[in-house]
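*Asks:* Going line by line, the protein sequences match chains A and B. Sequential numbering from 1 applies to the first sequence in our numbering. Sequential numbering from 1 applies to the second sequence in our numbering.
Please keep in mind that the hints were generated in silico from the structure rather than gathered at the bench. Cβ coordinates follow ideal geometry from the N, Cα and C atoms, glycine included. There's no promise every hint is true.
[Claimed, not checked] Here are the simulated PhoX-like cross-link-like pairs (lysine-lysine), alpha carbons at most 20 angstroms apart as the crow flies:
no. : chain 1 : residue 1 : chain 2 : residue 2
1   : A       : K113      : B       : K2
2   : B       : K6        : A       : K113
3   : A       : K144      : B       : K377
4   : B       : K6        : A       : K116
5   : A       : K119      : B       : K170
6   : A       : K58       : B       : K377
[To be verified] Have a look at the derived ranges for each label pair, beta carbon to beta carbon:
no. : chain 1 : residue 1 : chain 2 : residue 2 : range
7   : B       : S255      : A       : T118      : 55 to 63 angstroms
8   : A       : D176      : B       : A322      : 51 to 59 angstroms
9   : B       : M1        : A       : E126      : 26 to 34 angstroms
10  : B       : A345      : A       : T118      : 56 to 64 angstroms
11  : B       : A278      : A       : Q41       : 36 to 44 angstroms
12  : B       : S257      : A       : T118      : 56 to 64 angstroms
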Amino acid sequence: MKQILELKNINKIYGTDIKTQVLYDINLSFEEGSFNSIIGQSGSGKSTLLNLIGTLDKPTSGEIRINDVAVSAMNQNQLAVLRNNTLGFVFQFHYLLPEFTALENVLMPYEIKHGKITKEIIKKAEDIMDLVGLKQVKNNLATKMSGGQQQRTAIARALINEPKIILADEPTGNLDSDSTETIYQLLRNINETYKTTFIIITHDRKIAEKADRIVEIKDGKINMDIRK
Amino acid sequence: MKLGYKIAVRFLKSNKGQTFLIILGIAIGVSVQIFIGSLIQGLQKSLIEKTIGNSPQISITADTDDKEITEFDEVYKKIKDNSDVIALAVASDHPAFLNLEDTSKSLLIRGFQLEDADVIYKFSENIVEGRVPENENEIILGIDLLEEYELQVGDVIEIINTNQKVQELKLVGSFDLKVASINQNWGIVPLGTAQTFFEVPDRITSFEIQVDSQRVFEADMISDELETIINRDELEFSNWKKQNEQLLSGLSGQSISSIMIQVFVMISVVLGIASVLAITVLQKSKQIGILKAMGIKNSTAGFVFLFEGTILGIFGAILGIALGLLLSVAFTKFALNPDGTPVIALYISQSFILLSGVIATLASMMAALIPAIRSSKLNPIDIIRNN
Chain A
1 MKQILELKNI NKIYGTDIKT QVLYDINLSF EEGSFNSIIG QSGSGKSTLL NLIGTLDKPT
61 SGEIRINDVA VSAMNQNQLA VLRNNTLGFV FQFHYLLPEF TALENVLMPY EIKHGKITKE
121 IIKKAEDIMD LVGLKQVKNN LATKMSGGQQ QRTAIARALI NEPKIILADE PTGNLDSDST
181 ETIYQLLRNI NETYKTTFII ITHDRKIAEK ADRIVEIKDG KINMDIRK
Chain B
1 MKLGYKIAVR FLKSNKGQTF LIILGIAIGV SVQIFIGSLI QGLQKSLIEK TIGNSPQISI
61 TADTDDKEIT EFDEVYKKIK DNSDVIALAV ASDHPAFLNL EDTSKSLLIR GFQLEDADVI
121 YKFSENIVEG RVPENENEII LGIDLLEEYE LQVGDVIEII NTNQKVQELK LVGSFDLKVA
181 SINQNWGIVP LGTAQTFFEV PDRITSFEIQ VDSQRVFEAD MISDELETII NRDELEFSNW
241 KKQNEQLLSG LSGQSISSIM IQVFVMISVV LGIASVLAIT VLQKSKQIGI LKAMGIKNST
301 AGFVFLFEGT ILGIFGAILG IALGLLLSVA FTKFALNPDG TPVIALYISQ SFILLSGVIA
361 TLASMMAALI PAIRSSKLNP IDIIRNN
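Start from the sequences and build out the full structure, keeping to the hints where you can.
*Replies:* Right under this line is the structure:
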């Protein structure tokens, strides 16, 4: 299988005066269409790793290649296009735009990409929202939904541009166990249907164990890397 | 661009109270500017109207010993042919004495073709009692003179010229030209009466000219133009600008102070918008961070705030123009002289109002520039990491 994402000798140091090294010489690669989980204690550096993969942050040293292209060679606009087309984010705190409705939030990445909304894409957005069980609330403002609904909206939003990679940071972090199971099933379905690569940070061992691969980060280093 | 506009509109709509307050702030600035501008322009217009509206703006006299202009027909035609001249009168002016029982009073007898002179001096409008002279040997005098010497309309008065020649004239009216020295010293007679009495037939002492009201400030240029066309060395041309240099410098001082006021009003509007928008960027930094994580470009993130500034500016300008006009109308309706006329007649200029609106909008856009730059530089990781 093709490696869609490669990390070579990644170091990340925060601070200029007082330096804190968060990641030490990380070497990782992920196969296209795989379903991966990253586990680790809080402060282990897993969120930092995800932000680096998501091009939101830059490594202090090392190289990240997405789709065989070195991210460090890209300028701000090229990174924005990469984030818009290739990557989908699902954050722990869902991060919806409170001024927009659920449907508008889902459509936003498409609108950023194409500059306009077509009937076809609205239909597609509605289909995705049906898939994640948001049919009833699609015209609600983001603030007028439950936590689970907001998280599912964020997932639908991550899917609209059919990105190759979806990065999820504790997507079920603040949900009850039923919702957690539903969301997990949903992500897995998407993985199988669209062959989307998933990289999910979780501290829920049950979720982690259902992934194709578990990577454990401890004190900024890879402690364990199990493939099923 | 379009997405930036859409997000800007949504941000503004999501916080209607704050949006309305900013628009109101801009509107008050614009309305004060329009009101002060209209007030000062109106003040200047009425000052000029009062100063030169009822007097000639260009005078042509003779620079000879006897001050007489001969062969004036040809000159008259040349002046009349100039398209900027809207009123032209010839005058025959001579000093004389008003002979009273136990005293005499010096008088400037001004002989006019009264129909022409009326356009400039508006005698018929300013007659207090009686009428304008219609026949030879009739005279009108200023009300101050009538009062001082207890003269009555209908009296026959006696005047004496410098050659001791005496002439009886019938006092047919009194005028009030609102200038004391004129009301006390002028005696207005038909041109023929003056020419006969002072024995200067076929001669006049001056041409008096009013120019198109749009071009009063170009009176000096029109005067120069006439001088070239007429081309007679003995004639002397003077215009109101030459005679009223102090008034002109006063007016330009007033204009500068008006511009200063307007500039400072604009600066305060700009600072107000800039500070509020700067706070908005902070309020919306989470949203900007999310949008950037989703792949919005830095330029689009900047445009969001430029559009906010523009929209606020446009609505502020529209509301400000409405408020400014309302304030102006209220001022002319309620700030009245005892006789019911407005204290100051405002001058509402469409182009000035339009300009104020455009400047306010541009200023709002400029004020949005710094917040826009901050928004475009905002790093999404700072938002994501700090939740």
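*Asks:* Quick one: are A345 of chain B and T118 of chain A within 56 to 64 angstroms, going by C-beta?
*Replies:* At roughly 59 angstroms between Cβ atoms, T118 of chain A and A345 of chain B fall inside 56 to 64 angstroms, so the hint holds.
*Asks:* Hint says 56 to 64 angstroms; check whether the CB-CB distance for S257 of chain B and T118 of chain A agrees.
*Replies:* holds, 58 angstroms
*Asks:* Checking one constraint from the list: CA of K6 of chain B to CA of K113 of chain A, max 20 angstroms. Satisfied?
*Replies:* Distance of about 15 angstroms is within 20 angstroms: holds.
*Asks:* Using the Cβ atoms, figure out if M1 of chain B sits within 26 to 34 angstroms of E126 of chain A.
*Replies:* holds, 27 angstroms
*Asks:* Please work out if K144 of chain A and K377 of chain B have their alpha carbons no farther apart than 20 angstroms.
*Replies:* violated, 31 angstroms
*Asks:* Assess, step by step, whether the Cα of K113 of chain A is no farther than 20 angstroms from the Cα of K2 of chain B, and give holds or violated.
*Replies:* This hinted pair holds, its Cα atoms lying about 12 angstroms apart.
*Asks:* Between K119 of chain A and K170 of chain B, is the straight-line Cα distance small enough, at 20 angstroms or below?
*Replies:* violated, 95 angstroms
*Asks:* Between K58 of chain A and K377 of chain B, does the CA-CA distance stay at or below 20 angstroms?
*Replies:* Holds, because 16 angstroms separates the two Cα atoms, which is no more than 20 angstroms.
*Asks:* In this structure, is the beta-carbon distance linking S255 of chain B and T118 of chain A contained in 55 to 63 angstroms?
*Replies:* At roughly 56 angstroms between Cβ atoms, T118 of chain A and S255 of chain B fall inside 55 to 63 angstroms, so the hint holds.
*Asks:* Do the beta carbons of A278 of chain B and Q41 of chain A sit within 36 to 44 angstroms of each other?
*Replies:* holds, 39 angstroms
*Asks:* Holds or violated: are the alpha carbons of K6 of chain B and K116 of chain A at most 20 angstroms from each other?
*Replies:* With a Cα-Cα distance of about 11 angstroms, the restraint between K6 of chain B and K116 of chain A holds, given a limit of 20 angstroms.
*Asks:* CB of D176 of chain A to CB of A322 of chain B, is that within 51 to 59 angstroms?
*Replies:* 55 angstroms Cβ-Cβ, so the 51 to 59 angstroms window holds.
When the structure is compared with the earlier hints, violations turn up for hints 3, 5 and for no others.
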